[in-house]
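Heads up: the protein sequence lines correspond to chains C and E, in order. The first sequence begins at 1 in my numbering and counts up by one. The second sequence begins at 1 in my numbering and counts up by one.
Because the hints were derived from the structure by calculation, they are not lab data. Glycine included, every Cβ here is placed at the ideal spot set by N, Cα and C. Be careful, since some hints might not be right.
Unchecked claim - Computed list of lysine to any residue pairs in SDA-like fashion (alpha-carbon distance at most 25 Å, straight line): (1) C:LYS16 to E:ARG142; (2) E:LYS63 to C:ARG402; (3) C:LYS240 to C:ARG402; (4) E:LYS193 to E:LEU19; (5) C:LYS2 to E:ALA121; (6) C:LYS2 to E:ASN122; (7) E:LYS63 to E:ASP81; (8) C:LYS240 to C:GLY90; (9) E:LYS86 to C:ARG314; (10) C:LYS64 to C:ARG314; (11) C:LYS239 to C:LEU262; (12) C:LYS399 to E:THR75; (13) C:LYS2 to E:MET137; (14) E:LYS194 to E:ASN15; (15) C:LYS156 to C:LYS178; (16) C:LYS399 to E:ASN15.
To be verified - Derived coverage of chain C by chain E (criterion: at least 3 residues anywhere in the stretch with Cβ under 8 Å from a Cβ of chain E; other residues may be distant): (17) 292 to 306; (18) 346 to 356.
What the hints assert, rightly or not - Ranges of calculated distance between the beta carbons of each label pair, as one might list FRET restraints: (19) E:PRO21 to C:THR283: 44 to 54 Å; (20) C:PHE300 to E:GLU143: 47 to 57 Å; (21) E:GLY43 to C:ARG402: 25 to 35 Å; (22) E:GLY114 to C:THR283: 35 to 45 Å; (23) C:PHE376 to E:GLU14: 51 to 61 Å; (24) C:VAL383 to E:LYS193: 45 to 55 Å; (25) C:ARG17 to E:ALA126: 37 to 47 Å; (26) E:ALA121 to C:ARG314: 16 to 26 Å; (27) E:GLY43 to C:THR283: 47 to 57 Å; (28) C:THR382 to E:GLY17: 50 to 60 Å; (29) E:GLY114 to C:ILE21: 18 to 28 Å; (30) C:PHE387 to E:PRO204: 57 to 67 Å.
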Amino acid sequence: MKIFFLICWRNLWRHKRRSLIVISSVAVGVFAIILAMGLINGIMVQMVDNTINTSLGHLSIQRKGFQGSVRLQYAFAPGEDIARALKASGVSIKGYAPRVKVKGMVRSSESSRGVLIVGIDPVKERSVSYLYTYTSKEEGSSFLDDPAANDILISKSMADRMELVPGDKLVLMVQNAKGEMSGTGMTVRGVFSTPVDAFDRYTVFTGIDRLRELTGTPGLVSEINAVLTDRNAAVGAKKKIGALISSPGIEVLTWQEMAPSLVSSIMIVDTMMYVSFFIIFITIIFSIANTLVMAIMERFHEIGVMKSIGTGPRWIFLMVLFESMNLGLLGLGAGIILGTTVTGILGATGIDLSVYSETMRTMGSGSVIYPAVRGFDIFMATVIVLFTTVSAAVFPARKAARIEPVEALTYI
Amino acid sequence: MSIIRIEKLVKNYENNGLLVPAVRGVDLSIERGEFSAIAGPSGSGKTTLLNLIGGLDRPSEGKVFVGESDLTALTPKELSDLRLRKIGFVFQAYNLIPVLTAMENVEYVLLLQGVDKNERANRSAAMLREVGLEKEMDRLPREMSGGQQQRVAVARAIVSEPDIVLADEPTANLDQKTGESLIDLMHRLNHEKKITFLFSTHDPMVMHRAERLVHIIDGHIDSDERKGSGRAPAKKKAPGKGKKGATKSSQGKARR
């Protein structure tokens with residue numbers, strides 16, 4: 001077989017420039033796939049991480065139905081079994097914290113708005129979210145420290161709109177467990193700014209004990225959020241922890257289940273990108289096919305000789321196919337090296353898109369993007385290139401396999 | 001025993017709706033070990049006849065047998081296999097695979113036959129030594145002279161030990177001295193290895209050296225003469241042109 005592959009390989013270099021043009025076109029295509037998918041991947045990873053770090057965590061233990069309807073009726077008293085399950089499951093957990101969530105309203109002298117009020121344990125919360133990091137420590141702003149205090153954290157964008165600064169008062173209105181509305185004045189303890197605009201527009205934080213008091217739910221939680229050392233382990237962790245919880249009506253949800261629209265949007269973007277790349281590579285099919293047809297016409301006589309001395313049509317077909325695959329694989333190799341190098345460098349330095357910071361915040365990705373190479377993208381690039389080169393070779397290879405020796409021998 | 005047997009062979013080509021006969025009812029038989037030539041002027045049908053014998057072309061009528069195989073009854077795949085295993089080809093323009101070295105060109109046929117790697121290498125090297133190219137084994141065709149390339153072509157043709165080697169005007173692109181040397185080589189192989197050779201030629205030197213000379217004119221066999229041993233001619237002696245000693249064999253008789 002060595003000779004057969006030698007023929008395929010050496011045939012490539014009979015017209016170096018022509019082969020290099022095709023190889024370059026494949027390489028540029030692969031480079032574009034890796035870089036573009038790296039960028040998209042970087043944005044998506046940051047969107048997911050930001051969503052996890054601001055609100056979701058990796059796992060949430062909650063009463064069934066809470067995910068679809070954030071209401072106090074789903075609050076529950078966490079049993080010992082939950083704490084035991086988190087410790088005994090063998091899952092590598094970075095931390096977990098209780099939260100009470102209820103919808104309500106905040107009012108200042110200037111405006112009012114509907115919000116999601118989240119009651120947190122200021123100490124434990126640091127292990128499950130970046131809220132402490134996102135909270136400003138300047139101009140009188142600070143993080144919550146007492147879970148029973150009459151303090152509230154609001155986002156910087158909300159503070160600006162409501163013309164509030166740390167130390168100002170606002171009125172928090174909430175419906176308690178009995179269905180009665182109650183309002184209380186609270187002090188703006190601090191302002192935070194996360195990379196997720198939608199989160200900042202809608203979410204405020206207060207101490208968990210104070211919110212329990214306001215809602216009349218002493219000792220209850222809406223959910224317990226847990227963060228793992230590896231977010232990709234969430235599905236396995238859910239099964240292990242879920243199996244150890246005996247409290248009725250309690251379920252464990254992964255971040256994918258809590259943010260299905262985020263997951264599906266990632267899949268849609270990925271699919272759209274790959275469809276685009278397939279379409280781009282269809283043009284490369286014609287480029288390769290054209291090159292191969294030219295090569296075959298130039299070697300018409302030679303292929304006739306090969307058939308005369310007993311080379312079967314199948315071998316001729318395979319020869320053209322391998323020549324095409326060689327072109328594709330060389331381009332693929334060059335594209336992967338170029339793509340991973342450039343994406344790797346950009347992944348280390350980051351791409352500063354702060355000029356579009358508002359748009360990036362709306363997307364929830366942050367204004368500095370760190371492109372990331374995914375093994376799956378390289379796999380898909382390989383699949384696309386193999387599909388392209390094999391498709392491109394079919395017509396020329398069949399043409400070559402059908403060459404009549406006697407016709408080719410008289411062809412000059 | 002006949003290696004090649006041709007019965008009432010006809011080949012017509014169509015040209016702008018006109019039927020152009022190239023071979024007109026030829027009967028011929030080639031015996032094992034012969035060193036024969038089909039001679040005739042350009043356009044007489046000798047290359048067409050050789051192509052039909054080699055299974056490169058299909059006859060319009062008649063039959064071609066290589067051994068017991070009726071070529072007209074074979075599928076393209078079977079024809080390809082037969083060419084691979086039973087027939088060696090030497091072409092006028094050498095027709096080596098340009099991207100392969102001399103050694104690889106010879107090995108290629110054995111590769112197609114599925115011969116083991118070591119045996120391939122040994123047999124190919126031995127064959128190149130046989131044709132006097134032991135120092136040129138690693139050269140590409142473009143790095144060799146015409147005579148050397150044709151020797152590689154001969155080595156390629158005989159390395160698989162075919163029943164017959166068909167050589168289409170093998171000396172046409174060579175100078176007189178190189179041509180003679182090539183014919184010497186093939187004649188030696190014919191004698192030493194009992195390889196059957198059938199040439200098509202209009203080279204007087206080849207005609208003179210052939211032990212059997214079949215003249216073909218306008219697609220008919222005009223004469224079929226059997227001669228001596230095919231030794232090299234004496235210097236300055238004109239190659240045989242006449243038909244002295246010719247015998248019109250019953251099988252080589254032209255059909256009109």
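Hint by hint, here is what the structure shows:
1. For the given pair, LYS16 of chain C sits about 17 Å from ARG142 of chain E by alpha-carbon distance, which is consistent with the 25 Å threshold.
2. About 24 Å separates the Cα atoms of LYS63 of chain E and ARG402 of chain C, which keeps this hinted pair within 25 Å; it holds.
3. Note on LYS240 of chain C and ARG402 of chain C: the hinted pairing is violated, with a Cα-Cα distance of about 61 Å set against a maximum of 25 Å.
4. Taken as a hint, the LYS193 of chain E and LEU19 of chain E pair is broken in the structure, with Cα atoms around 42 Å apart against an allowance of 25 Å.
5. Using a Cα cut-off of 25 Å, the hinted pair LYS2 of chain C and ALA121 of chain E holds, with the two alpha carbons roughly 12 Å apart.
6. A hinted pair counts as satisfied when its Cα atoms are at most 25 Å apart, and LYS2 of chain C with ASN122 of chain E qualifies at roughly 16 Å.
7. Distance hint between LYS63 of chain E and ASP81 of chain E is fulfilled; the C-alpha atoms sit about 18 Å from each other, no more than 25 Å.
8. For a cut-off of 25 Å, the pair hint linking LYS240 of chain C to GLY90 of chain C stands: about 8 Å separates their Cα positions.
9. Using a Cα cut-off of 25 Å, the hinted pair LYS86 of chain E and ARG314 of chain C holds, with the two alpha carbons roughly 20 Å apart.
10. Distance hint between LYS64 of chain C and ARG314 of chain C is unfulfilled; the C-alpha atoms sit about 62 Å from each other, more than 25 Å.
11. Using a Cα cut-off of 25 Å, the hinted pair LYS239 of chain C and LEU262 of chain C holds, with the two alpha carbons roughly 22 Å apart.
12. Straight-line distance between C-alpha atoms of LYS399 of chain C and THR75 of chain E comes to about 19 Å, which keeps the hinted pair within the 25 Å bound.
13. Distance check on the hinted pair: LYS2 of chain C and MET137 of chain E sit about 17 Å apart at the alpha-carbon level, within 25 Å; holds.
14. A hinted pair counts as satisfied when its Cα atoms are at most 25 Å apart, and LYS194 of chain E with ASN15 of chain E does not qualify at roughly 41 Å.
15. With a C-alpha separation of about 32 Å, the suggested pairing of LYS156 of chain C with LYS178 of chain C is violated against the 25 Å cut-off.
16. Our distance criterion of 25 Å between C-alpha atoms is met by LYS399 of chain C and ASN15 of chain E, whose separation comes to about 24 Å.
17. Proximity of the stretch 292 to 306 of chain C to chain E, defined as three or more residues with a beta carbon under 8 Å from a beta carbon of that chain, is established by the 4 residues found.
18. Coverage of the stretch 346 to 356 of chain C by chain E is violated. Counting CB-CB distances below 8 Å, 0 residues qualify, and the rule asks for three or more.
19. At about 50 Å, the CB distance of PRO21 of chain E to THR283 of chain C agrees with the hint of 44 to 54 Å.
20. Between PHE300 of chain C and GLU143 of chain E the Cβ separation comes to about 24 Å, which falls outside the hinted range of 47 to 57 Å.
21. Separated by about 28 Å at the C-beta atoms, GLY43 of chain E and ARG402 of chain C satisfy the suggested range of 25 to 35 Å.
22. Checked against the given bound of 35 to 45 Å, the beta carbons of GLY114 of chain E and THR283 of chain C, roughly 41 Å apart, stay inside it.
23. As the Cβ distance of PHE376 of chain C to GLU14 of chain E is approximately 58 Å, the hint placing it in 51 to 61 Å holds.
24. A hinted range of 45 to 55 Å holds for the C-beta pair VAL383 of chain C and LYS193 of chain E, which are about 53 Å apart.
25. About 40 Å separates the C-beta atoms of ARG17 of chain C and ALA126 of chain E, a value consistent with the hinted range of 37 to 47 Å.
26. The beta-carbon spacing between ALA121 of chain E and ARG314 of chain C, approximately 25 Å, falls within the hinted interval of 16 to 26 Å.
27. Distance hint check: the CB atoms of GLY43 of chain E and THR283 of chain C are about 49 Å apart, consistent with the given range 47 to 57 Å.
28. Take THR382 of chain C and GLY17 of chain E: their Cβ atoms lie about 53 Å apart, and the range 50 to 60 Å holds.
29. Distance hint check: the CB atoms of GLY114 of chain E and ILE21 of chain C are about 37 Å apart, inconsistent with the given range 18 to 28 Å.
30. Checking the proposed 57 to 67 Å range against PHE387 of chain C and PRO204 of chain E shows it holds: the Cβ atoms sit about 59 Å from each other.
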